[in-house]
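J.: This is what each chain is made of:
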Amino acid sequence: MIRQPSWVGTLSGTKQIALNTNNLSLIGFGRLGLTLRPQVRSQLTYLEKKEVAARIAQITTRHELLRFEALREGLEEEMDRDPRVCVMGEDVGRYGGSYKVTKGLAPKYGDLRVLDTPIAENSFTGMAIGSAMIGLRTIIEGMNMGFLLLAFNQISNNCCMLHYTSSGQFTIPVVIRGLGGVERQLGAKHSQRLESYFQSVPGLQMVACSTPYKAKGLMKAAIRSENPVILYEHVLLYNLKERIPDEEYVLSLEEAEVVRPGEHVTILTYSWMRYMQVAKTLVNKGYDPEIIDIRSLKPFDLYTIGNSVKKTHRVLIVEECMRTGGIGASLRAAIIENFWDYLDAPIMCLSSQDVPTPYAGTLEEWTVVQPAQIVTAVEQLCSS
Amino acid sequence: MAMNRIVSSSSSISNLHLLRSLSQPLLRRPFSSHADDDKTILTVETSVPFTGHRCEPPSRSIETTPKELLSFFKDMALMRRMEIAADSLYKAKLIRGFCHLYDGQEAVSVGMEAAITKKDCIITAYRDHCIYLGRGGTLVEAFAELMGRKGGCSKGKGGSMHFYKKDSGFYGGHGIVGAQIPLGVGLAFAQKYSKDNTVTFALYGDGAANQGQLFEALNIAALWDLPAILVCENNHYGMGTAEWRAAKSPAYYKRGDYVPGLKVDGMDALAVKQACKFAKEHALKNGPIILEMDTYRYHGHSMSDPGSTYRTRDEITGVRQERDPLERIRKLVLSHDLATAAELKDIEKIFRKQVDDAIAEAKESPMPDPPELFTNVYVKGFGVEAYGPDRKEVRSILP
Numbered sequence: 001m002i003r004q005p006s007w008v009g010t011l012s013g014t015k016q017i018a019l020n021t022n023n024l025s026l027i028g029f030g031r032l033g034l035t036l037r038p039q040v041r042s043q044l045t046y047l048e049k050k051e052v053a054a055r056i057a058q059i060t061t062r063h064e065l066l067r068f069e070a071l072r073e074g075l076e077e078e079m080d081r082d083p084r085v086c087v088m089g090e091d092v093g094r095y096g097g098s099y100k101v102t103k104g105l106a107p108k109y110g111d112l113r114v115l116d117t118p119i120a121e122n123s124f125t126g127m128a129i130g131s132a133m134i135g136l137r138t139i140i141e142g143m144n145m146g147f148l149l150l151a152f153n154q155i156s157n158n159c160c161m162l163h164y165t166s167s168g169q170f171t172i173p174v175v176i177r178g179l180g181g182v183e184r185q186l187g188a189k190h191s192q193r194l195e196s197y198f199q200s201v202p203g204l205q206m207v208a209c210s211t212p213y214k215a216k217g218l219m220k221a222a223i224r225s226e227n228p229v230i231l232y233e234h235v236l237l238y239n240l241k242e243r244i245p246d247e248e249y250v251l252s253l254e255e256a257e258v259v260r261p262g263e264h265v266t267i268l269t270y271s272w273m274r275y276m277q278v279a280k281t282l283v284n285k286g287y288d289p290e291i292i293d294i295r296s297l298k299p300f301d302l303y304t305i306g307n308s309v310k311k312t313h314r315v316l317i318v319e320e321c322m323r324t325g326g327i328g329a330s331l332r333a334a335i336i337e338n339f340w341d342y343l344d345a346p347i348m349c350l351s352s353q354d355v356p357t358p359y360a361g362t363l364e365e366w367t368v369v370q371p372a373q374i375v376t377a378v379e380q381l382c383s384s
Numbered sequence: 001m002a003m004n005r006i007v008s009s010s011s012s013i014s015n016l017h018l019l020r021s022l023s024q025p026l027l028r029r030p031f032s033s034h035a036d037d038d039k040t041i042l043t044v045e046t047s048v049p050f051t052g053h054r055c056e057p058p059s060r061s062i063e064t065t066p067k068e069l070l071s072f073f074k075d076m077a078l079m080r081r082m083e084i085a086a087d088s089l090y091k092a093k094l095i096r097g098f099c100h101l102y103d104g105q106e107a108v109s110v111g112m113e114a115a116i117t118k119k120d121c122i123i124t125a126y127r128d129h130c131i132y133l134g135r136g137g138t139l140v141e142a143f144a145e146l147m148g149r150k151g152g153c154s155k156g157k158g159g160s161m162h163f164y165k166k167d168s169g170f171y172g173g174h175g176i177v178g179a180q181i182p183l184g185v186g187l188a189f190a191q192k193y194s195k196d197n198t199v200t201f202a203l204y205g206d207g208a209a210n211q212g213q214l215f216e217a218l219n220i221a222a223l224w225d226l227p228a229i230l231v232c233e234n235n236h237y238g239m240g241t242a243e244w245r246a247a248k249s250p251a252y253y254k255r256g257d258y259v260p261g262l263k264v265d266g267m268d269a270l271a272v273k274q275a276c277k278f279a280k281e282h283a284l285k286n287g288p289i290i291l292e293m294d295t296y297r298y299h300g301h302s303m304s305d306p307g308s309t310y311r312t313r314d315e316i317t318g319v320r321q322e323r324d325p326l327e328r329i330r331k332l333v334l335s336h337d338l339a340t341a342a343e344l345k346d347i348e349k350i351f352r353k354q355v356d357d358a359i360a361e362a363k364e365s366p367m368p369d370p371p372e373l374f375t376n377v378y379v380k381g382f383g384v385e386a387y388g389p390d391r392k393e394v395r396s397i398l399p
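As given, the protein sequences belong to chains D and Z, one line each in that order. First residue of the first sequence? That's 1 in the working numbering, and the numbers climb one at a time after it. First residue of the second sequence? That's 1 in the working numbering, and the numbers climb one at a time after it.
No wet-lab data here; the hints were simulated from the structure. Take these hints with a grain of salt, some might be off.
Claimed, not checked - Result set (DSBU-like, lysine-lysine): computed pairs, CA atoms no more than 35 Å apart in a straight line:
| no. | chain 1 | residue 1 | chain 2 | residue 2 |
| --- | --- | --- | --- | --- |
| 1 | Z | K74 | Z | K345 |
| 2 | Z | K254 | Z | K119 |
| 3 | Z | K285 | D | K103 |
| 4 | Z | K248 | D | K108 |
| 5 | D | K103 | Z | K195 |
| 6 | D | K310 | D | K280 |
| 7 | Z | K363 | Z | K150 |
| 8 | Z | K166 | D | K298 |
| 9 | D | K189 | Z | K195 |
| 10 | D | K108 | Z | K195 |
| 11 | D | K298 | Z | K150 |
| 12 | D | K108 | Z | K166 |
| 13 | Z | K39 | Z | K277 |
| 14 | D | K108 | Z | K119 |
| 15 | Z | K195 | D | K100 |
| 16 | D | K310 | D | K241 |
Unchecked claim - Taking CB as the label site, the calculated pair distances span:
| no. | chain 1 | residue 1 | chain 2 | residue 2 | range |
| --- | --- | --- | --- | --- | --- |
| 17 | Z | G97 | D | K108 | 27 to 33 Å |
| 18 | Z | E327 | D | P83 | 47 to 53 Å |
| 19 | D | N338 | Z | F374 | 14 to 20 Å |
Said to hold, decoys possible - Output of the computed footprint for chain Z on chain D, the stretches with three or more beta carbons under 8 Å from beta carbons of chain Z:
| no. | stretch |
| --- | --- |
| 20 | 158-166 |
| 21 | 195-207 |
Ideal Cβ positions, reconstructed from N, Cα and C, are used throughout, including at glycine.
Model the full assembly from the supplied sequences, consistent with the hints where possible.
T.: So this is what it looks like as structure tokens:
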């Protein structure tokens with residue numbers, strides 16, 4: 001359903017769209033901040049789009065930063081706003097965090113709010129959950145996602161079940177930050193992708209951030225959420241640069257984002273996979289892919305995904321999880337269940353191989369999905 | 001070997017003579033007036049002295065009032081009655097799954113409650129029915145939860161192992177052995193954060209005392225000076241494994257190494273009260289402390305365990321005769337002439353009726369409705385507000 005814009009008047013022959021609360025449906029939160037939803041954008045002429053962009057630029061001022069700085073900004077703003085927010089993790093305090101996300105927070109907020117823990121994931125995750133039972137909003141940093149496996153009991157059995165088994169008496173508003181993904185030859189145990197293990201834990205929300213804009217917005221949303229949230233941060237993206245608005249903003253935890261609207265095929269991806277730069281290659285080859293960053297890994301935003309499937313009728317899922325039981329597998333099942341009638345071709349899912357990540361550079365490359373594979377897959381899909 | 005240690009650790013009969021000489025002169029007073037008589041202080045000695053590790057143990061002589069002694073008796077009698085009733089309900093298949101009974105260990109709950117306020121937090125594992133009662137839970141809610149009804153404290157969705165009462169500081173009720181200890185230390189952290197001047201008692205058993213997360217949490221608590229008191233309810237058997245078969249060092253109060261510890265006779269409610277008071281003062285000043293409550297459970301580990309394959313019936317009856325917490329308080333009450341034996345029997349009869357009435361009322365409570373299956377998985381409606389830099393709010397609420 002395309003929402004019709006309401007035309008307020010004309011200005012030198014072009015239509016001016018009033019940017020007020022009534023027309024919120026027109027505004028989306030895109031990569032550059034405020035933008036028009038794709039359905040609306042396609043209805044405007046080139047001059048109209050320039051006008052709207054100018055209007056939006058007037059509203060927001062921007063500053064440029066790297067993704068780890070964006071995360072830190074979000075964290076700092078939330079810690080300023082709510083005195084109950086505290087961060088717990090290994091080397092988050094004096095050392096500043098293994099990826100500098102919490103640098104400078106310990107001198108500012110003190111030892112009791114930015115807590116350096118010993119290497120005891122199981123117990124400090126349990127402690128964060130216990131403190132959340134009383135009312136603190138703790139953020140747990142797993143220095144590497146794989147270490148969170150040591151805390152799996154606390155996360156699965158305590159964190160996510162307490163709201164249910166106490167029938168609402170306790171809420172556990174923790175944020176678990178999982179830093180991980182396949183980086184430059186870190187080896188098998190430090191290249192874990194835990195999205196697949198945690199996705200079936202009921203009571204948990206999972207989001208994956210990619211760009212600085214999304215990282216800050218999702219971090220703030222996760223801290224404000226009353227549910228336990230796992231925020232997946234891919235380590236390769238920490239130095240990604242972007243201009244983000246100066247004003248405060250919070251993104252929605254359950255929304256997916258259409259990064260590049262298109263007509264031929266829907267590419268569903270999240271976290272690092274977005275930066276495969278396939279879009280250019282595909283456009284050069286004559287395809288028009290619609291790339292969606294699904295962002296919310298649990299629950300899936302089937303509204304946005306469904307609209308896209310209904311438009312393009314072809315789906316390609318690109319992910320970094322293992323093939324068996326990964327996010328792609330669940331997403332595929334969800335799409336088939338809900339949008340079977342709209343599919344013109346079987347859903348293709350490109351995921352990492354079901355192997356522990358090897359150290360050797362060439363082998364590691366073959367473990368994850370490469371751009372060439374995506375192009376081949378799109379060609380296959382569109383030809384059938 | 002274990003049996004000798006348990007039976008010989010106290011002989012209350014010989015101590016009665018000691019008690020008589022220390023107490024007030026004997027006066028026959030009618031039962032009802034004692035409830036108002038707060039001025040009388042009775043000094044009672046514990047059965048065995050406290051043993052300290054890295055700390056000066058508190059004194060053996062404890063001051064108490066007639067009112068307190070009688071309340072101890074009443075609370076423990078009610079708890080005992082409730083657990084026995086739960087036993088029959090389980091055998092009648094009205095309670096399913098796991099049911100871990102606390103009879104024999106009531107003194108720990110009752111003594112602890114006497115030393116602390118409702119603002120202090122208690123967190124325990126799955127043997128939580130009596131502690132829930134001690135924290136202010138009602139019989140009806142307890143039985144309804146055990147039977148899986150809507151009127152239960154967790155609306156029937158938790159079961160025997162998940163009793164909670166947040167408003168009176170009872171944080172459960174946890175199924176996984178040892179996982180509640182980091183939670184308890186986290187509660188202590190939040191208490192220190194909010195500068196509440198309250199403490200957390202994290203209870204665990206001798207089986208959980210060998211869990212790694214205990215020592216991890218203890219390390220953090222000692223590092224950060226958290227007001228956490230770890231209480232080991234040592235009933236000497238981790239399900240079917242005796243403590244000397246599971247732990248190289250069954251002196252659990254010493255296992256904290258750098259953390260002070262105190263060994264307490266867990267069948268003596270007054271000793272427990274003294275130890276908890278001491279521990280609370282210590283924790284608020286100096287950080288964590290371990291209390292080991294030397295206690296015993298008459299039932300097996302749970303209802304599926306007869307309790308006699310790994311210990312002899314003689315041992316169980318021996319402890320029941322020598323160290324039963326209810327009997328100890330009964331003897332104290334009788335020796336100080338606070339009530340007659342007949343009056344105490346009447347109280348027990350009244351409680352028996354109360355428990356039966358509560359069970360009947362709990363049975364009336366309906367089973368949860370099918371839509372309840374999906375409630376409280378997430379906090380209702382997700383409800384996170386999202387807004388862009390222009391401050392226009394978009395609220396996402398899923399159906």
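J.: Starting from the hint list further up, note which numbers the structure goes against and sort them upward.
T.: Hints 4, 9, 17 contradicted; others consistent.
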